[in-house]
Amino acid sequence: MADARALADRILSTVDPQVRAGLAADPFAALESIGFQMRLRPEPAIPEGCSVAASIDYGPPARITVVAAASNGRQHFSALHEFGHSAIRLDTGIHDLFFEEPDGGIQLEEDVCDAIAGTLLIPAEHVDAHFGGTGPTARTVLDLVAATPNASREACCVRAAERLEGPGHVMVLKDGVAIFTASHSTPFRIRRGTPQAPTASPRGRLGSGPLAATPPVTYASGAASSPFFVDARYDEEQAVVVAVFMANRPPWEHGLALPPEPGARADASCTHCDVDFAAFGPPCPTCSDYFHRGEHGCGRCSCPAPAAAHRTCAECFQRRPASNFSQNPAICDDCLGI
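So in numbering that gives the first Met the number 0, spot 251 of the sequence shown is number 250, and the numbers just go up one at a time.
These aren't lab readings, by the way, just hints derived from the structure by calculation.
Be aware that one or more of the hints could be misleading.
Label pairs and their in silico Cβ distance ranges [unchecked claim]:
1. ASP273 to ILE33: 15 to 23 Å
2. LYS173 to GLY298: 42 to 50 Å
3. SER325 to VAL18: 35 to 43 Å
4. ASN71 to ALA219: 43 to 51 Å
5. ARG19 to GLY92: 15 to 23 Å
6. SER54 to THR133: 17 to 25 Å
7. SER220 to TYR57: 43 to 51 Å
Owing to the predicted nature of the structure, the values given are computational and were not obtained by experimental measurement.
Built from N, CA and C at the ideal position, the CB exists for glycine as well.
Please model the entire structure based on the sequences and the hints provided.
Put into structure tokens, the structure is as follows:
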């Protein structure tokens, strides 16, 4: 599983230091100075399916549109997320990694863009000061939000998730529904607008502090996870819950701490990674093989990977939908004059 954090660092290393400083201080002005047109869209609410409140038109000229209903911090995070998409288009090497992903790299690209935005808005020294060497708790995530007014809750969640030890999530919930989730060391994602367990309401169990274990989170597919350790805090001002989910020993527990795994352990083999592993949970109902989960797992069973949604043309080096390669799998229809 590719490391979104490392890929974001690689892309940001190519950005001029003065430009990078400007993007951190005033994202809108800095983006305009390097050729982006910036536009605010007066929309009363952010669509439920969006992880960020913005979109990009690559142009030329490139134009980033940001939802005006979002807070300043959310606007900054969203604009820099879209800048990440633009920067990825210029890095042809990353597209090979996208092709290796089960979904063609769609989720990995989103994770890299989140990491780019989070890194620009919240320097490493600020992250170190709040999370130290122990990792995040819900309280320290909220403290980071309060200490970085130029950033957003989402940016703080991204930076917090990067410091998780092992698989986990940092989630923002409103009325028991996930409105943003940053994930770490897991191929499974929680889509914006995904309802969580009934006990995950701001006034219920989730939001009251550390719990030894919690009901499973609900992923974008509708599947339930294994139990996690969770620390959650209710933000009275914003009426949201910030929750940190960890599969391994969390910083708020002492001594040996492992969450219960449902079902018996099974010895399994991954045909994609060519390794043996210990599997927990039910097998795939289609192929009957176990999912290769865990920190170093690919997250797949033995079912064949779906066709990549996008490819990079060998002639123009542009990333295009797979449907644009109707005659030649390596050269797009535009280059062939079709």
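**OP:** Give me the numbers of the hints this structure contradicts, sorted from smallest to largest.
**Re:** 1, 2, 4, 6, 7
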